[in-house]
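This is what each chain is made of:
2 protein chains.
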Amino acid sequence: MLRPPAKRLYLEDLYVGQRFCSGPQIIDEAQIKKFAIEFDPQPFHLSDDGAVGTLFGSLAASGWHTAAITMRLYVDSVPLADGVIGAGAQVDWPKPTRPGATLQLFSEIVSIVPSRSRPDRAIVEMRSETRDEHGEVVQVLTAKLIVFKRGAK
Amino acid sequence: MLRPPAKRLYLEDLYVGQRFCSGPQIIDEAQIKKFAIEFDPQPFHLSDDGAVGTLFGSLAASGWHTAAITMRLYVDSVPLADGVIGAGAQVDWPKPTRPGATLQLFSEIVSIVPSRSRPDRAIVEMRSETRDEHGEVVQVLTAKLIVFKRGAK
Numbered sequence: 075m076l077r078p079p080a081k082r083l084y085l086e087d088l089y090v091g092q093r094f095c096s097g098p099q100i101i102d103e104a105q106i107k108k109f110a111i112e113f114d115p116q117p118f119h120l121s122d123d124g125a126v127g128t129l130f131g132s133l134a135a136s137g138w139h140t141a142a143i144t145m146r147l148y149v150d151s152v153p154l155a156d157g158v159i160g161a162g163a164q165v166d167w168p169k170p171t172r173p174g175a176t177l178q179l180f181s182e183i184v185s186i187v188p189s190r191s192r193p194d195r196a197i198v199e200m201r202s203e204t205r206d207e208h209g210e211v212v213q214v215l216t217a218k219l220i221v222f223k224r225g226a227k
Numbered sequence: 075m076l077r078p079p080a081k082r083l084y085l086e087d088l089y090v091g092q093r094f095c096s097g098p099q100i101i102d103e104a105q106i107k108k109f110a111i112e113f114d115p116q117p118f119h120l121s122d123d124g125a126v127g128t129l130f131g132s133l134a135a136s137g138w139h140t141a142a143i144t145m146r147l148y149v150d151s152v153p154l155a156d157g158v159i160g161a162g163a164q165v166d167w168p169k170p171t172r173p174g175a176t177l178q179l180f181s182e183i184v185s186i187v188p189s190r191s192r193p194d195r196a197i198v199e200m201r202s203e204t205r206d207e208h209g210e211v212v213q214v215l216t217a218k219l220i221v222f223k224r225g226a227k
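So the sequences go chain by chain: A and B. Quick note: the first sequence uses this note's numbering, first residue 75, plus one each step. Quick note: the second sequence uses this note's numbering, first residue 75, plus one each step.
Hints are supplied without guarantee of correctness; some may be wrong.
To be verified - Here are the computed distance ranges between Cβ atoms for each label pair:
#1 B:Ala161 x A:Ile197: 36 to 46 Å
#2 B:Arg190 x A:Ser191: 41 to 51 Å
#3 A:Lys81 x B:Pro193: 53 to 63 Å
#4 B:Pro98 x A:Ser121: 22 to 32 Å
#5 A:Pro98 x B:Tyr89: 43 to 53 Å
#6 B:Glu112 x A:Ser132: 23 to 33 Å
#7 A:Ala155 x B:Val211: 23 to 33 Å
#8 B:Glu86 x A:Ala155: 15 to 25 Å
#9 B:Arg93 x A:Ile111: 45 to 55 Å
Please keep in mind that the hints were generated in silico from the structure rather than gathered at the bench. The structure displayed is predicted, hence computed values, not measured ones. Even glycine gets a Cβ: it sits at the ideal position worked out from N, Cα and C.
Isolated chain A, as found in the complex (with noise of 0.2 Å):
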């Protein structure tokens, strides 16, 4: 994916209700099942008949697959000079992954709550929804990001 470099962007350039949207990417079968061996295995995150009889019914990424994916995406298209780095987040996930999903990233600036007790930064919270190709969310992350002004690092 080629894409024109984004401004690096400080604390004093984000603004409350601006918006952010990442290019799309794909989740195959054998990622799924590759990052569930590692981290999550769970008969429903390794194959469609470890999921028969089960919530999920087929084959369906772990939560936490979709959320690292969520988080490249993010390191794509929200270009913070300091770098995308989390305090926290509320992370919800109202649909699985399916295997073949095309994920795209549509995060909006929710408030920007200045720290008192250093005034070189910030807490910017993100509202982002990982959307698949038929624009349902699979997930829906409320980060809060520490954002620098320009010169502070």
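Here the structure of chain A is known, so what remains is to put chain B in place on it, guided by the hints.
Chain B in isolation, oriented as in the chain A frame:
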């Protein structure tokens, strides 16, 4: 890690205050870099040099890597009969995970809320601390798990 097979647990076997403890798992420098290249390619997750002058100072694991290892420790230590299935979670990273850390998971059931619409299941809230070998907490995860009664699935 050889451990005796744990009893497989259903909703009826769970209670508020119930605790679970995983075995240890080491996270090394190569694993940190490999995860970062695929999912979180930011300088402070890729090398010590890249972390100089950043919030981290030296190489630190992606928080999502800590979360993924936590999931692995979860699967190994919380033997839910129908699987560890999360609807969502709050995740906080009070400290970064460093190369060479030995991680261990300590979990406790915080609440059990029966589903109103589906009497065969409940939402079990589990609070889990991922600690390093010094006992320092690198992640706090409060997860909402979907847990089924015996014979539901």
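Taking the hints in turn, this is what the structure says about them:
no.	hint	result
1	B:Ala161 x A:Ile197: 36 to 46 Å	violated (26 Å)
2	B:Arg190 x A:Ser191: 41 to 51 Å	holds (44 Å)
3	A:Lys81 x B:Pro193: 53 to 63 Å	holds (54 Å)
4	B:Pro98 x A:Ser121: 22 to 32 Å	holds (29 Å)
5	A:Pro98 x B:Tyr89: 43 to 53 Å	holds (45 Å)
6	B:Glu112 x A:Ser132: 23 to 33 Å	holds (25 Å)
7	A:Ala155 x B:Val211: 23 to 33 Å	holds (29 Å)
8	B:Glu86 x A:Ala155: 15 to 25 Å	violated (53 Å)
9	B:Arg93 x A:Ile111: 45 to 55 Å	violated (28 Å)
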